[in-house]
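Going down the list, the sequences are from chains Z and L.
Mapping of the first sequence onto the UniProt record's numbering: residues 1 to 427, in sequence order.
Mapping of the second sequence onto the UniProt record's numbering: residues 1 to 427, in sequence order.
Hints should not be assumed to be uniformly reliable.
As the list makes no split between identical chains, a pair holds if one copy fits it or if it spans any two.
Said to hold, decoys possible - Here are the simulated DSS-like cross-link-like pairs (lysine-lysine), alpha carbons at most 25 Å apart as the crow flies: (1) Lys319 - Lys378; (2) Lys191 - Lys159; (3) Lys223 - Lys393; (4) Lys195 - Lys159; (5) Lys195 - Lys296.
The hints are simulated quantities; they were obtained by calculation from the structure and are not laboratory data.
If you want the building blocks of each chain, they are given just below.
Protein chains: 2
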Amino acid sequence: MSWLPIAADSPFSIANIPFGIISTESDKTHRPAIAIGDHALDLKAFAARGGFKPSKTITESEDVFSQTTLNSFAHLGQSFHREVREYLQSIFRDDTPHPQVLKDNESLRESALLPLSGVTNHMPMAIGDYTDFYASTNHAYNVGVLFRGPENALQPNYKHLPVAYHGRASSVVVSGTPIRRPWGQILRDPKAEPKVPALAPCERLDLELEMGMFVCRPNDLGKPVPVDEAEQHIFGYVLMNDWSARDIQAWEYVPLGPFTSKNLGTSISPWVVLADAAIPKTTGLPNENELLPYLKEKKTANFLDIHLEVDLITASGNKKTITKTNSKNLLWSWPQMIAHHTITGCNLQPGDLFGSGTISGSEPGTEGCLLEQTKGGKATVTVADGEERKFLKDGDSIVIRGWAGEDGARIGFGEVSGMIEAALPLF
Amino acid sequence: MSWLPIAADSPFSIANIPFGIISTESDKTHRPAIAIGDHALDLKAFAARGGFKPSKTITESEDVFSQTTLNSFAHLGQSFHREVREYLQSIFRDDTPHPQVLKDNESLRESALLPLSGVTNHMPMAIGDYTDFYASTNHAYNVGVLFRGPENALQPNYKHLPVAYHGRASSVVVSGTPIRRPWGQILRDPKAEPKVPALAPCERLDLELEMGMFVCRPNDLGKPVPVDEAEQHIFGYVLMNDWSARDIQAWEYVPLGPFTSKNLGTSISPWVVLADAAIPKTTGLPNENELLPYLKEKKTANFLDIHLEVDLITASGNKKTITKTNSKNLLWSWPQMIAHHTITGCNLQPGDLFGSGTISGSEPGTEGCLLEQTKGGKATVTVADGEERKFLKDGDSIVIRGWAGEDGARIGFGEVSGMIEAALPLF
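Same shape as in the complex, but just chain Z (with noise of 0.2 Å):
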């Protein structure tokens, strides 16, 4: 299908097109890129030696491809966003009505289409405010037990409104980055009286698998974005790992909820997978409520159907795949959560982060972080070689992978990756 060759399993298929930002070593300005098969195209070389000349809208706002974020492209909405993408798509194919842009330009080829493994990448977006939402039941209800019993496991509006909460903008960072174990404050014994908490390097530090979505359309503050055109504000997609250190969060998130103990890092994949990338939708998760008319949306099966994996790799090399689930687990659809944030008044920004809470499915081996799988720490996950987890340890590596579609035509996210460094003395 395309000149460029491309592995039957790449997450990068030419039905893919996903943006991000990166630097090469000789050039570190960061600047957009799209990744297909095993490489990059930089957008701003081919930009500017023409590349987009073929498409008059493209050339008009192609500043935007020189920009060290993805906000500005972003911001131009999504039926400029499927003009670049499709035309991308028509000057890989092999029957390009554009050979002499790219596929017979060796030159061209040369400056801008970059091998994969040659290229550094950054964040994509410049994210203004992250919200992280709690929409998988399975996962809240599991968690619930473990720190508030069964009883009281899902709150009673938990099936009535996407909870979420705000998260902190600042410490997501890409792909690739390291992850410093944390110092704060931990209740080693909730029973003991009184309760004295110590200042400890986390105890329990633990993943979180989670979808993100980047916004790209505004909305102005007091003006709530209806369900059905909720859709529109959707930029694309990335993985997410919101490494959350259990015992600090479990001591500090009264009544305010999670604060230092989400603070210290949250990773994203580097390539959006853009809201027009045909990902397979399907249904979410049951809700026997009557939902209030701001969440009820027009389109049934409006759930995004990705394969989704998370590694658990040691220092010692050891790897195990321990979860294998998918992001239809959710109760609440992307739309539903931007009609929710809106309600109130909230303004988005091109730019803004949503996450969907860690994402869990109903069987062992399907829930999407430790806490979880080791029923707090109660029961081990086995690696290999006699090595086992309760939580995480210095050195292990986490990677989460997601795709869908066939061979051939997949759409996938390539990885989220992050490996706990040890604590640091304390000043």
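Once you have looked at the hints, place chain L on chain Z.
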């Protein structure tokens, strides 16, 4: 003391020199200014016309005064802020060593020294992240009683760590911006079963009297800020009104904290009083706990001593000062909040905003929100002419003022105001 006439009770005495962002009818460009008496000194015009020429240090970096926010100025650090503030004080002193700069320069006075009544204020900083603390024990106890009863009013962690949650940065607005009454999910009868919320305009709209603090010095992800160095990360302070939809909050806030109930708008005063302005300091609220080392300050009495007042003004013009209190009513100082915010490694950035949480004294009439004053809507606050309030009605305005120091040398904030607009029809 100054050649410029300044009223003795002006919040903007020569001892103050607060910084903000202004525009004028004739020049819509957002640009930095200081407030002094009834005037603003346009720093962009002042710098362009050589106003900083006597100071080599300042002229070398004076491009920060042609930016549209104070972030670049803040980023230059406290020693630079001191240099600029002291230089500007010297320019306005009767015995200024540089009379030719402004005092005797009628042309520059006319172009750069503008009546405050003729300038429009804008957001002083581009806010990266906004974190709202909960540092006034009196408020936390009063609200805790209403939400969870007297036994669980203060959670076990409350006096061990500065409780906080991430707020929404995009909906922070400058004084004078109207606040739209939000729609949201409300559980009208919390005792009925099953619990089924309604979608309605907020019926319990409230103010929250807070102090805000802007960060100037960044810290790297993974590097906590020692409490005794934390003061150097403070750019300055503003007054804040963190508007709150109490009915929406009560239903949504478990288990992850307030979300849409706080997204409708947070108002700040336009002039940032620099950390360098010597606001008097005193002791805060008592804490019988032994603090963990990272929260122990060498300085005691590190709490700002600022007199605070709240006026409620109805649509018919009736007005009452409903709150008189002091910013010292906090359990945690700003350096302690910074030390705790970063203990797990969270990176702060220039322009980040911290809120103190609602500031309440312990006596009637000192509480910083209506929820407390009306005991959750059971009592009423009398305004005048038979007008009473449990919560805010459409057309009500809230004006918060704050100042420290004696007449003639007041360090004041001016005010932060906002009027409630009626809810719009939903879609």
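Going down the list of hints, with the structure as the test:
1. Lys319 - Lys378: within (21 Å within a copy, 60 Å between copies)
2. Lys191 - Lys159: Result: close only across copies, 18 Å inter versus 31 Å intra.
3. Lys223 - Lys393: Between copies only: 20 Å across chains, 46 Å inside a chain, cut-off 25 Å.
4. Lys195 - Lys159: between (33 Å within a copy, 11 Å between copies)
5. Lys195 - Lys296: Close across copies (19 Å), not inside one copy (45 Å); limit 25 Å.
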